[in-house]
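Peer 1: Residues per chain are reported as follows:
Number of protein chains: 2
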Amino acid sequence: MDHLAPLDNLVAALSRLPGIGRRTAERLAMALVQDRKGLMRILANALLEADDGLACCERCGSVTLSTRNPCELCTRPRKEARILCIVESPGDILKIEESGGFHGRYHALMGRISPMHGTGVADLRMDRLLERIADEGFEEVVLALGTDAESDATASYVRELLANRPVTVSRIAFGLPAGSAIEYSDAATLARALRGRQSM
Amino acid sequence: MDHLAPLDNLVAALSRLPGIGRRTAERLAMALVQDRKGLMRILANALLEADDGLACCERCGSVTLSTRNPCELCTRPRKEARILCIVESPGDILKIEESGGFHGRYHALMGRISPMHGTGVADLRMDRLLERIADEGFEEVVLALGTDAESDATASYVRELLANRPVTVSRIAFGLPAGSAIEYSDAATLARALRGRQSM
Numbered sequence: 008m009d010h011l012a013p014l015d016n017l018v019a020a021l022s023r024l025p026g027i028g029r030r031t032a033e034r035l036a037m038a039l040v041q042d043r044k045g046l047m048r049i050l051a052n053a054l055l056e057a058d059d060g061l062a063c064c065e066r067c068g069s070v071t072l073s074t075r076n077p078c079e080l081c082t083r084p085r086k087e088a089r090i091l092c093i094v095e096s097p098g099d100i101l102k103i104e105e106s107g108g109f110h111g112r113y114h115a116l117m118g119r120i121s122p123m124h125g126t127g128v129a130d131l132r133m134d135r136l137l138e139r140i141a142d143e144g145f146e147e148v149v150l151a152l153g154t155d156a157e158s159d160a161t162a163s164y165v166r167e168l169l170a171n172r173p174v175t176v177s178r179i180a181f182g183l184p185a186g187s188a189i190e191y192s193d194a195a196t197l198a199r200a201l202r203g204r205q206s207m
Numbered sequence: 008m009d010h011l012a013p014l015d016n017l018v019a020a021l022s023r024l025p026g027i028g029r030r031t032a033e034r035l036a037m038a039l040v041q042d043r044k045g046l047m048r049i050l051a052n053a054l055l056e057a058d059d060g061l062a063c064c065e066r067c068g069s070v071t072l073s074t075r076n077p078c079e080l081c082t083r084p085r086k087e088a089r090i091l092c093i094v095e096s097p098g099d100i101l102k103i104e105e106s107g108g109f110h111g112r113y114h115a116l117m118g119r120i121s122p123m124h125g126t127g128v129a130d131l132r133m134d135r136l137l138e139r140i141a142d143e144g145f146e147e148v149v150l151a152l153g154t155d156a157e158s159d160a161t162a163s164y165v166r167e168l169l170a171n172r173p174v175t176v177s178r179i180a181f182g183l184p185a186g187s188a189i190e191y192s193d194a195a196t197l198a199r200a201l202r203g204r205q206s207m
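Which chain is which? The protein sequence lines are W and Z, in order. Counting in this note's numbering, the first sequence runs from 8 upward without gaps. Counting in this note's numbering, the second sequence runs from 8 upward without gaps.
Note that these hints are calculated values from the structure, not bench results. Backbone N, C-alpha and C define an ideal beta-carbon position, used for all residues, glycine too. Accuracy of the hints is not assured; some may be wrong.
One side only, chain W facing chain Z, incomplete, derived with CB under 8 angstroms [said to hold, decoys possible]: (1) ASN16; (2) LEU17; (3) GLY28; (4) ALA32; (5) MET37; (6) ILE49; (7) CYS63; (8) PRO97; (9) LEU136; (10) LEU137; (11) ALA141.
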């Protein structure tokens with residue numbers, strides 16, 4: 008059979024997407040080849056436009072328009088501008104904005120401490136964090152990290168890093184998710200919810 | 008927050024891929040934006056090259072180079088060139104070629120009869136199939152379709168369609184997959200394997 012180099016290259020490129028294995032990449036490539044509505048070109052153009060039009064904010068790390076860097080979240084007046092929320096990824100910033108539960112500034116670390124994946128402190132945006140703490144007059148830092156061991160390690164590291172800076176450091180609450188019942192909660196969630204009990 | 012049109016467009020384009028929901032598309036888009044190795048452009052170029060360089064063979068429907076249509080499978084001498092293997096998709100052709108179990112010609116229907124997905128006989132390559140049966144002198148047609156109800160319906164339709172043509176029609180065997188044990192086989196597989204028993 009002919010060696011179909013363009014097909015092999017497409018499968019290889021798709022395989023580089025996170026969570027897309029070789030099998031899925033092959034399936035997607037075949038679907039793209041068979042598509043009769045020009046999806047291949049639509050997707051290519053969307054990628055090229057995004058590559059030109061989007062950037063990571065040099066300040067907070069959020070996704071922003073290339074023409075607007077630092078981003079709007081960093082530059083527009085915000086009610087809680089003295090509070091800096093530290094997250095792992097730009098996607099987390101979008102999630103927290105959608106929640107409407109925070110009105111301060113953000114800082115994405117672009118990962119978390121993960122020896123297993125070879126991500127160390129030097130790969131995260133810690134230096135930029137210290138610069139910002141020094142320059143932007145934050146009074147409080149909120150760690151909005153996840154609940155697993157790697158996120159815990161990252162949270163501990165940041166707390167130590169900021170120990171002698173003039174900011175208070177807090178971490179978002181862990182407990183029962185909204186709408187859940189004791190009956191269906193797992194042991195770890197319940198234990199954390201009990202430890203974090205609040206007077207009422 | 009700024010309306011990030013390029014991000015929205017990228018998510019929308021990725022969502023059109025089969026099996027990729029909105030959530031996954033958002034995750035992929037964020038990963039692409041954060042990627043520092045130029046994956047966005049690599050993928051865009053792979054798509055554009057594939058769009059230019061690949062085509063579906065006008066005869067069998069297999070994926071082929073745009074410069075080679077009809078494809079090599081249709082034009083090169085093949086040991087069993089009198090046998091036509093009918094499959095649902097170009098991907099199935101690649102699978103069967105990899106198996107090394109067939110050396111004839113192929114015909115991809117580009118789908119199967121599926122009222123649920125709005126795919127009817129008119130959407131499949133049945134007219135082209137009849138043309139090929141008339142023109143290419145096949146003696147046998149092998150249906151290499153799956154085992155579910157939609158594939159069964161498609162197989163029945165093709166058998167009827169070819170009832171008064173000068174070809175024998177067969178269907179690939181169903182039974183225990185290689186390396187499997189009775190103990191771990193499901194009832195439907197076992198029932199089909201028993202019905203298809205062969206003298207030895």
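Peer 1: Evaluate each hint against the coordinates.
Peer 2: Verification of the hints:
1. This hint holds: ASN16 (chain W) has a C-beta 5 angstroms from the nearest C-beta of chain Z, less than the 8 angstroms allowed.
2. Interface hint at LEU17 (chain W): satisfied, since its Cβ lies 4 angstroms from the closest Cβ of chain Z, which is below the 8 angstroms cut-off.
3. Among the interface hints, the one on GLY28 (chain W) is violated; its C-beta lies about 12 angstroms from the nearest C-beta in chain Z, farther than the 8 angstroms criterion.
4. Annotation: ALA32 (chain W) was flagged as interfacial toward chain Z, and the flag is violated, the nearest CB pair being 11 angstroms apart, outside 8 angstroms.
5. A least Cβ separation of about 4 angstroms between MET37 (chain W) and chain Z falls short of the 8 angstroms threshold, and the interface hint therefore holds.
6. Residue-level restraint check for ILE49 (chain W) holds (minimum Cβ-Cβ distance to chain Z is 5 angstroms; threshold 8 angstroms).
7. At a threshold of 8 angstroms, the smallest CB-CB gap from CYS63 (chain W) to chain Z is about 7 angstroms, leaving the interface hint in force.
8. At a threshold of 8 angstroms, the smallest CB-CB gap from PRO97 (chain W) to chain Z is about 6 angstroms, leaving the interface hint in force.
9. Below 8 angstroms, beta-carbon pairs count as interface contacts, and LEU136 (chain W) has none with chain Z, the closest being about 17 angstroms; its hint is therefore violated.
10. Against a cut-off of 8 angstroms between C-beta atoms, the interface hint on LEU137 (chain W) is violated, since the closest Cβ of chain Z lies about 22 angstroms away.
11. Residue-level restraint check for ALA141 (chain W) is violated (minimum Cβ-Cβ distance to chain Z is 26 angstroms; threshold 8 angstroms).
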